[in-house]
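Asker: Model the full structure from these sequences, guided by the hints.
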Amino acid sequence: MTRLAGTELTLAYERRVIAEGLDVAIPDGSFTVIVGPNACGKSTLLRALARTLRPRSGSVLLDGRDIRTLPSKAVARTLGLLPQTSIAPDGITVADLVARGRYPHQGLLRQWSADDERIVAEAMTATGIAELAESYVDELSGGQRQRVWIAMALAQQTPLLLLDEPTTYLDIAHQLDVLDLCASLHAEQGRTLVAVLHDLNHAARYATHLIAMRDGRIVAEGKPAQIVTTELIGQVFGLPCRIIDDPETGTPLVVPAARRRPL
Amino acid sequence: MTVLRTSEHSLRLRPRALLAGLAILIVAAICGLLLLSTGDYPMSPSAALRAVTGSGTPADAYIVQELRAPRVVTALLAGAALALAGAVFQALVRNPLGSPDVLGFTQGSATGALIAIVVAGGGSVAVAGGALAGGAVTGAVIYLLAVRHGSHGFRLVLVGIGVAAILTGVNGYLLTRAEITDASRAVLWLTGSLDGRGWDDALPLLAALVLTAPAVLFGCSRGLRMLELGDDAATAAGVAVGRLRLALLAAAVLLCAFAAAAAGPVAFVALTAPQVARRLTGDPGPNLLPSLLTGAALMAAADLAAQRLVPGRDLPVGVLTGVLGGAYLIWLLAAGRRRMA
Chain A
0 MTRLAGTELT
10 LAYERRVIAE
20 GLDVAIPDGS
30 FTVIVGPNAC
40 GKSTLLRALA
50 RTLRPRSGSV
60 LLDGRDIRTL
70 PSKAVARTLG
80 LLPQTSIAPD
90 GITVADLVAR
100 GRYPHQGLLR
110 QWSADDERIV
120 AEAMTATGIA
130 ELAESYVDEL
140 SGGQRQRVWI
150 AMALAQQTPL
160 LLLDEPTTYL
170 DIAHQLDVLD
180 LCASLHAEQG
190 RTLVAVLHDL
200 NHAARYATHL
210 IAMRDGRIVA
220 EGKPAQIVTT
230 ELIGQVFGLP
240 CRIIDDPETG
250 TPLVVPAARR
260 RPL
Chain B
0 MTVLRTSEHS
10 LRLRPRALLA
20 GLAILIVAAI
30 CGLLLLSTGD
40 YPMSPSAALR
50 AVTGSGTPAD
60 AYIVQELRAP
70 RVVTALLAGA
80 ALALAGAVFQ
90 ALVRNPLGSP
100 DVLGFTQGSA
110 TGALIAIVVA
120 GGGSVAVAGG
130 ALAGGAVTGA
140 VIYLLAVRHG
150 SHGFRLVLVG
160 IGVAAILTGV
170 NGYLLTRAEI
180 TDASRAVLWL
190 TGSLDGRGWD
200 DALPLLAALV
210 LTAPAVLFGC
220 SRGLRMLELG
230 DDAATAAGVA
240 VGRLRLALLA
250 AAVLLCAFAA
260 AAAGPVAFVA
270 LTAPQVARRL
280 TGDPGPNLLP
290 SLLTGAALMA
300 AADLAAQRLV
310 PGRDLPVGVL
320 TGVLGGAYLI
330 WLLAAGRRRM
340 A
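Respectively, the protein sequence lines represent chains A and B. Start counting the first sequence at 0; every next residue gets the next number (numbering that gives the first Met the number 0). Start counting the second sequence at 0; every next residue gets the next number (numbering that gives the first Met the number 0).
No lab work stands behind these hints, which were simulated from the structure alone. In this text, all values refer to a predicted model and were calculated from it rather than measured experimentally. A virtual CB, placed ideally from N, CA and C, is assigned to each residue, including glycine. Mixed in with the good hints, there may be bad ones.
Stated by the list, open to error - Which stretches of chain B does chain A cover? Using the computed rule of at least three CB atoms under 8 Å from a CB of chain A, they are:
id	stretch
1	26-40
2	217-224
3	230-236
Stated by the list, open to error - Which bits of chain A does chain B cover? Going by a derived footprint, with three or more residues having C-beta under 8 Å, they are:
id	stretch
4	81-91
5	106-113
6	198-211
Answerer: Next up, the structure:
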C-alpha cells in the first residue's frame, strides 16, 4: 500500500538531468530513508515528491491522483516538507515561526484557533524548544534553528512528512534526538516519514525501508537488514567496508575499511 | 497578541500594530487638515472641514474643494499606493532594497511620461497615460527577463537595477531632445510634484487603489507571509507560489504606474515607508496595511513641508521625500543591523 509514489519521473535542473524514468513507491506507514552519494538525486527526488520541483516528465501520485491536479492547500494538509534551506524573516520569534506552519489549516477568518495554539505548543515541546518560544530565531545556534524548522513542519500536522537532510547541522546528540523524534512520530503517531540522510548508520538504525540511490537510479530498496551489504555499499558509495551488527540495536553497522595504517 | 474567537472563527490582533496604525492615521489626518486649512488663504480647521462638506462660504468651498482637497487626496493616495507596492516588492524580493524605484519601474513610468511630453508634446492626460504605459511595459519586460526564468530575490534586484540604469540613460537622452519649455516641464514632472493636481488626477488613482488594495491586503497577505520563508517552504505549505508572485507583481506595478501618473516618480516613499512601518509595528511580516498608512502619512507630511518650508516658494514634494528618504537610509546604514522590536 502506498499513498505517495512517483512513476516514470524525469527530474532535471535547467540543462542537468538528474534522473530519468525513475519509479518509486513509499510504503505506507513506513519510515523511509533515502541514502546515496552526493549528487545522486536523493534530494531532487524528495523535492519532486513534495511537488516543490516539477518533473520534466512522469508524475507524482498522492493517493492515486496526480499531485499537480490536487489543490495545493489540500495537499499541504496531507503532505509536509522540511526543506533543506529556508529563510527566517529578520526579527521573527520562534513561536511566530512555528505558528506559520499552521497555514494550510487557517483562513482569513480562521487565523488562530484553540487547536492551532495547542498544536504549536505541542510541536515546540516535542522538539525541545518550548523555552525558546519568545527568542529571536536569528539569535539561535544552527542546531536550535533546525529544531525550530522541524517544529514548524510538525505543526503542519500531516500524516506524511518529508524531511530533506534534517540532521545536517546538528551535533551527534541532537541528531539522535531528531531521529528519535521521527521514530516516535512514525511508531506512535503512525505517520509515514521519508527522510534524506547522509549518515548511513543512522539510516540503517532508524529506517524501516531504505532506498539506496546512485546516479539518479534506485540501486536497491528494502529493509536495512536485508539490503545493507558490503557489495551494496561498494556499489553505491565506492567505499570498501565491512558490515557488523550494531551492538545496541542489531541493525547493520557499516565499518569503513581503514585507509591509512595508524602510526 | 490577542485573539478574538467564536466557535468557528478567530481573529488575531496585535495591539502594538493596531496602536501604530492608529497613530499613523492620526498623523496623516493632521497633515491633511493642515494642508486644507493653511496656505495663501488661511482658514481655521473647522472652516476647512465645513468647506469640505459644502456648508462653508463659497470662497472657502472653492479653495478647499477645487484646489486643496484634490491635492491632499492625491498625496494620500499616491503615498499609499507607492508604499503598498514597495512593501509587496520588498517581501517578494526578500530584500529591503527591493523597491520599485530601485527596480526600474518608476524610471519606466518616467520614460513613458517623457515620451508624451517631449515627443508627442502632450498635455497632462497624455503624460499620465504615458506614465501608466511606461510602468506597465517595464513591468512586463522585467517579468520576462527575470521572473519567468525563476530569478527572484537577489537576481531580480540586479536585473531591475540594470533596467533602471538603461532607462535613466534613455530619459536623459529624451531630455536633451526636448524644447526648453518642454524640458523644464519634464524635469519638474521627473522630480515628483503635486502642483496643480486636480480631481482628474486623483480619481483614476483612487479607482486603481480601490480595485487592487483589498485584493492584495485580504487575498494575498497570508500567502506572502509564507512566501517570505522561501519558495520550497511556501509550496510545501500549500501556497501557489508562481501564481501569487505574478498576481502580486502585477498589482504592485499597477499601483506604481498609477501613482507615477498622478504625482510623477516620487522618490523613496516605496523604499522607506515599509521599513518605517515595520519598525513602528514591531511585526517582522510584510506589514502591508501599516505600510500603506505610513506611505499616505509620509506623502502628506512631505507635501506639507514642501509647501510651507520655504515661505513664498513651493518645493516639489519629490525633493522632500528624497531628502527625508536619503537621511533615513544614511541613518539605517549608520545604525547597523537593528532589532525589530
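Asker: Within the stretch 230-236 of chain B, is the number of residues with a Cβ closer than 8 Å to a Cβ of chain A three or more?
Answerer: holds (count 6)
Asker: Quick one: see if chain B covers the stretch 198-211 of chain A, three-plus residues with Cβ-Cβ under 8 Å.
Answerer: It is violated, with 0 qualifying residues against the three required.
Asker: Mind checking, does the stretch 217-224 of chain B have 3 or more residues with a CB under 8 Å from chain A?
Answerer: holds (count 3)
Asker: Test coverage of the stretch 26-40 of chain B by chain A using CB-CB distances below 8 Å; three residues minimum.
Answerer: violated (count 0)
Asker: Do three or more residues from the stretch 81-91 of chain A put their C-beta atoms closer than 8 Å to C-beta atoms of chain B?
Answerer: Since three or more residues must qualify, the claim that chain B covers the stretch 81-91 of chain A holds, with 10 doing so at under 8 Å.
Asker: For the stretch 106-113 of chain A, count the residues whose Cβ lies under 8 Å from any Cβ of chain B; is that count three or more?
Answerer: Held - the stretch 106-113 of chain A has 7 residues with a Cβ nearer than 8 Å to chain B, which meets the minimum of three.
Hint check: violations occur at hints 1, 6; the rest are consistent with the structure.
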